[in-house]
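Since the structure of chain A is provided, determine the placement of chain B on it from the hints.
One-letter residues, chain by chain:
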Amino acid sequence: MGQQKNLDGYVGFASLPNQVYRKSVKRGFEFTLMVVGESGLGKSTLINSLFLTDLYSTEYPGPSHRIKKTVQVEQSKVLIKEGGVQLLLTIVDTPGFGDAVDNSNCWQPIIDHIDSKFEDYLNSESRVNRRQMPDSRIHCCLYFIAPSGHGLKPLDIEFMKRLHEKVNVIPLIAKADTLTPEECQQFKKQIMREIQEHKIKIYEFPETDDEEENRLVKKIKDKLPLAVVGSNTIIEVNGKRVRGRQYPWGVAEVENSDHCDFTILRDMLIRTHMQDLKDVTNNVHYENYRSRKLAAVTYNGVDNNKAKGQLSTNMDTVDGMSPLAQMEEERREHVAKMKKMEMEMEQVFEMKVKEKVQKLKDSEAELQRRHEQMKKNLEAQHKELEEKRRVFEDERSNWELQQRLEQQKMEASRTLEKNKKKGKIF
Amino acid sequence: LTDAIPHHPNPQGKGEKSHGGDFSYVGIDAILEQMRRKAMKQGFELNLMVVGQSGLGKSTLMNTLFKSKVSRNKSVQSNPEERIPKTVEIKSISHDIEEKGVRMKLTVIDTPGFGDQINNENCWQPIMKFINDQYEAYLQEEININRKKRIPDSRVHCCIYFIPPTGHCLRPLDVEFMRRLSKVVNIVPVIAKADTLTLEERDSFKQTIREELRANGIDVYPQKEFDEDAEDRMINDKIREMIPFAVVGSDQEYQVNGKRLLGRKTKWGTIEVENIAHCEFAYLRDLLIRTHMQNIKDITGSIHYETYRVRRLNESNGHVISQTSDHMAVQPKANGQLEEQPGALQANGVAAQHEALSHEM
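The listed protein sequences correspond, in order, to chains A and B.
Residue numbers are given in the working numbering: position 54 of the first sequence equals residue 54, and the series is strictly consecutive.
Residue numbers are given in the working numbering: position 316 of the second sequence equals residue 316, and the series is strictly consecutive.
Next comes chain A alone, as it looks inside the complex (with noise of 0.2 Å):
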């Protein structure tokens, strides 16, 4: 950082705002605020009074008119001038939302609109003829709360823990002339206990160095969640014409702020923080969005953060990583991951080479012995053979044995015969 000096005569810098300021005008500016809710919330009723123009009204009626089967996304764009300024203002209504008997998932379409719209500006942020950047992010989310008295429901948990981080959500409470001052108050006690609890991060106020807005932010801090109540409709009070709800038992002011807090909303919305919620927008919502798609794009070596130029410093995102050092990491992942299947994969080898090596020494050992069965079978027979041949010997023996007796006795018979035949002669 350079330090400070003194200027001796007047430069005229000082000008530099007024230029800001002239260029921007000429540019105009662009706006986009979506407003979700139940049906029948005054949804309508609140973007018409907010920007005092009918951008809903009998022959475009809104959306509240037309029952839906499902969650849809409209947008509807309107080109207001003031004071020389131009305002492109987008309204996206979401007709459906919780209306339906079984309303899981209900948030889905709204969180693919967002993104989509988030996708839009990557990519025209990545071409290469950049002349002109439409910017239809969603800067703003109005999400209306059923003036019940009890607390947030399920459903209003659910949704803004899912957006979030996605968009900037400030908590309405609608139809808030249906509450007493203390109904009022302990039903906004509820509510941002509720928000706590859950870790909701609703919209935050910045602060900032000046005494004087501090205190007004601090004053709008304590309302919050806003109670408004919308119309319109003129009615005459006491010689004013005001914008208000007529009753049989009083006049309920919309500009009140006794009565509600809708001044405190216009104010904030369009008077003092409008350029905030689109920093914020595209300094955190849309910035989480890019890291999180780069990161999970770019793995395979394709290098299109380099191609884009677009390292320039304030990339820091939520986590503290720029895209390179998560790509670095996810490498890094990858490559342990790799490590690991590796191992896993020799692992699995091993073990399949032992088996392998078990079965076959069963098997050896099998023949083995059936190699032993057999050399005993054989033996066995052998032996029977043996055995039967001793025995045929035997018989042979005997056989002859006898033969030779027969033999003898033969022999000797005859030559008794013989002899008996010679012996005569005596």
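Source of the hints: derived by calculation from the structure; they are not laboratory data.
Even for Gly, the Cβ is constructed at its ideal location relative to N, Cα and C.
Be a bit skeptical, because a hint or two may be false.
BS3-like, lysine-lysine: derived pairs with alpha carbons at most 27 Å apart [claimed, not checked]:
1) A/Lys356 / A/Lys339
2) A/Lys219 / B/Lys265
3) A/Lys221 / B/Lys267
4) A/Lys218 / B/Lys267
5) A/Lys189 / B/Lys238
6) A/Lys221 / B/Lys265
What follows is a list of derived Cβ distance ranges for each label pair [stated by the list, open to error]:
7) A/Glu197 / B/Glu141: 30 to 38 Å
8) A/Met133 / B/Glu211: 43 to 51 Å
9) B/Glu241 / A/Met192: 41 to 49 Å
Same frame as chain A, but now just chain B:
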């Protein structure tokens, strides 16, 4: 009581002393006095069920209707997990209240958890089951061989359904619920927290609701088909023009023009609950308590309960419907309520309605 055609000229009950000197006076009208005394001794039972999302002012309205804390205790400080049960629960609280010697056992049946979840599919089933269980209990008691002289009546006489004041049209959940339950119980739809609607919005909302109810074939109390005669029809038509009632409830009193009234105080005015220029609470109260209470109980007993009974007995026996319909003509008397109706006509009417209802089921 409607006009009775006496079948015999003698007085039925214990004879009351007739007015002296009037020849043509028999004394039949003294039956009214006898009935009144009997009713006073017995006392009445009324079972009301309140159904609606949490935060619509059901408990407050009950407290306002009966001018005392008849609803369940709610702890305001709890978080949603404790406050909103995961499934619909049925909580019954009974109170004995008395006014001018008339005793009433009032049971308020609350249904916390209805319509509060993200997925509300079939959240009406526990309620249907409860209503049918009450009918079942009564039936069991009735077909007992030795049954009590007076069967304790825990059947739901009337179900008050709270419609959130969106100002546009009925939600699918509302339509689903009312379609299924109008067949088993008397439904009285009301627009809750009506102090959020201006008079024009209120009228257009009511019209839309009435059209939607008609389009979906939902018959809420007072049902057109149960009007007994021209006089009834006239009264009920007027009521039907005003349904659903736009109500505001409050159990706090404020000082207005020197009077202490129940109301809600806001920065731009005080809403008086009983002022018919402000909201229609008074009409609802008259309907439920002052004029149609007995009629509600009758219809529950003689139509809805009978339909259930027919179905159950058919399931278990397989009897022909005609047999049970003769039986039914006798039933109303057995309930302990003397109904002097033109007998034959009513029986046929009831039988015809039964056939219609059971076919519908």
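Here's how the hints hold up against the structure:
1. A/Lys356 / A/Lys339: Holds, at roughly 26 Å.
2. A/Lys219 / B/Lys265: 25 Å, holds
3. A/Lys221 / B/Lys267: 22 Å, holds
4. A/Lys218 / B/Lys267: The given pair, whose Cα atoms are some 24 Å apart, holds under the 27 Å limit.
5. A/Lys189 / B/Lys238: 44 Å, violated
6. A/Lys221 / B/Lys265: Distance of about 26 Å is within 27 Å: holds.
7. A/Glu197 / B/Glu141: 30 to 38 Å: Cβ of glutamate 197 of chain A to Cβ of glutamate 141 of chain B: about 48 Å, so the range 30 to 38 Å is violated.
8. A/Met133 / B/Glu211: 43 to 51 Å: Holds - the Cβ-Cβ distance for methionine 133 of chain A and glutamate 211 of chain B, about 49 Å, lies within 43 to 51 Å.
9. B/Glu241 / A/Met192: 41 to 49 Å: 44 Å, holds
Taken one by one, the earlier hints fail for this structure at numbers 5, 7, listed in ascending order.
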